[in-house]
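Residue numbers (the working numbering): 1 to 306.
Just so you know, these hints were derived from the structure itself, not from any lab. All values derive from a computational prediction rather than experimental measurement. Among the hints, erroneous ones may be present.
[Stated by the list, open to error] Derived DSS-like pairs (lysine-lysine); straight-line CA-CA distance at most 30 Å: (1) Lys207 x Lys120; (2) Lys90 x Lys101; (3) Lys248 x Lys271.
[Stated by the list, open to error] Label pairs and their computed distance ranges (CB to CB): (4) Ala245 x Arg116: 51 to 61 Å; (5) Asp48 x Leu213: 56 to 66 Å; (6) Arg114 x Gly94: 21 to 31 Å; (7) Glu96 x Glu140: 33 to 43 Å; (8) Asn22 x Ser98: 42 to 52 Å; (9) Asn22 x Arg88: 47 to 57 Å; (10) Lys90 x Lys248: 53 to 63 Å.
We put the CB at the ideal spot given by N, CA and C, even for glycine.
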Amino acid sequence: MATRDTYETSFDEDVQTNSSTNPCPECDGRVTTNSVETICEDCGLVIDEQRIDHGPEWRTHDQDQRKRTGSPLTAARHDRGLSTEIGRWKDANGNELSGRKRQRRSRMRREQTRGRFQSKAERNLAHGLGEVRRIASVLELSGSVRDQACQLFRSAQNEDLLRGRSIEAIAAASVYGACRCNGHSRLLDDVVDAARVEQSRVPNAYKTLNTELGLPTQPVRPSEFIPRLASELGISDAIRRRAVALSKHHRETAISNGCRPSGVAAACIYKAAQEHGRSLTQQRVADAAGMSAVTVRARRDELNAV
1 MATRDTYETS
11 FDEDVQTNSS
21 TNPCPECDGR
31 VTTNSVETIC
41 EDCGLVIDEQ
51 RIDHGPEWRT
61 HDQDQRKRTG
71 SPLTAARHDR
81 GLSTEIGRWK
91 DANGNELSGR
101 KRQRRSRMRR
111 EQTRGRFQSK
121 AERNLAHGLG
131 EVRRIASVLE
141 LSGSVRDQAC
151 QLFRSAQNED
161 LLRGRSIEAI
171 AAASVYGACR
181 CNGHSRLLDD
191 VVDAARVEQS
201 RVPNAYKTLN
211 TELGLPTQPV
221 RPSEFIPRLA
231 SELGISDAIR
241 RRAVALSKHH
251 RETAISNGCR
261 PSGVAAACIY
271 KAAQEHGRSL
281 TQQRVADAAG
291 MSAVTVRARR
301 DELNAV
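Just need the whole structure built from these sequences, with the hints factored in.
Pasting the structure below:
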């Protein structure tokens, strides 16, 4: 078998042919049909061609009209994802470009970058959304939370909250606000570590967003931090369930009100580990919760006093 025949029968998913009873209109030869085209095997006449796109299908069905609409819009881009990206080293078929063509594409890419933003506000929006996407990627957040954070950054810019404040701080505050609105147990220190801004600016930016935009955030409960701490400490499921029960039992007490939720969660895990005979030090629990051992010991004593 020739090499050409091997490739045609082994590596092409569209080669499955079906014979047709209708003869060729030119030579009355044998006609075969596959998913790409209908051809005559004798004279090679292409009778019909229907190339199938195996990619995702985006259509609109308004007023009984089917139209291709392209990829869906996204809030993570300043232009909703409608811009075009110019490649660098290869063409659309994956072939290497020559030096002259690479220089030409470089000039085209430079001109596209210059005309990409219509105003300074649009440039700031693109920079802020890029920072939101970067922080969300570092924290391994889902796409829905990332899009909500991007939309929150847009709302902050529309309300003129970026004036006099750092774009990076507003971006980090948007990510933290989206996590709070969705009930994710993310510490503010985790967002600050991923952000490229000073630690004191992120809480101030979040307070501004929460006050000016009225975010529907709920008070953080200590039970939301227990699964994360239990995973980092490697404790058993029995200790984790006991810690959750302790946090729910003391939810309405003065311990949970006005205290750091992660500290109460760490104290519940430490107390549950003591009840099950697990040798877990206060310093190890404090390091996992991001606080001092004195705080864990103080919350533990308050839990024992209840």
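Do the hints match the structure? See the list:
Distance restraint check for Lys207 and Lys120: the Cα-Cα separation of roughly 25 Å lies within the 30 Å cut-off, and the hinted pair is therefore satisfied. This hinted pair checks out: Lys90 and Lys101 have alpha carbons roughly 10 Å apart, not beyond 30 Å. Restraint check for Lys248 and Lys271: satisfied, since their Cα atoms lie roughly 14 Å apart, inside the 30 Å limit. For Ala245 and Arg116, the hinted distance range of 51 to 61 Å is satisfied, since their beta carbons lie about 55 Å from each other.
At roughly 57 Å, the beta-carbon separation of Asp48 and Leu213 lies within the given 56 to 66 Å, and the hint holds. Between Arg114 and Gly94 the beta carbon distance is about 28 Å. The supplied range of 21 to 31 Å therefore holds. Between Glu96 and Glu140 the beta carbons are some 35 Å apart, a value that agrees with the proposed interval 33 to 43 Å. At roughly 47 Å, the beta carbons of Asn22 and Ser98 sit within the given window of 42 to 52 Å.
At roughly 49 Å, the beta-carbon separation of Asn22 and Arg88 lies within the given 47 to 57 Å, and the hint holds. Between Lys90 and Lys248 the CB atoms are about 57 Å apart, so this pair conforms to the stated range of 53 to 63 Å.
When each numbered hint is compared with the structure, no violation occurs for any of them.
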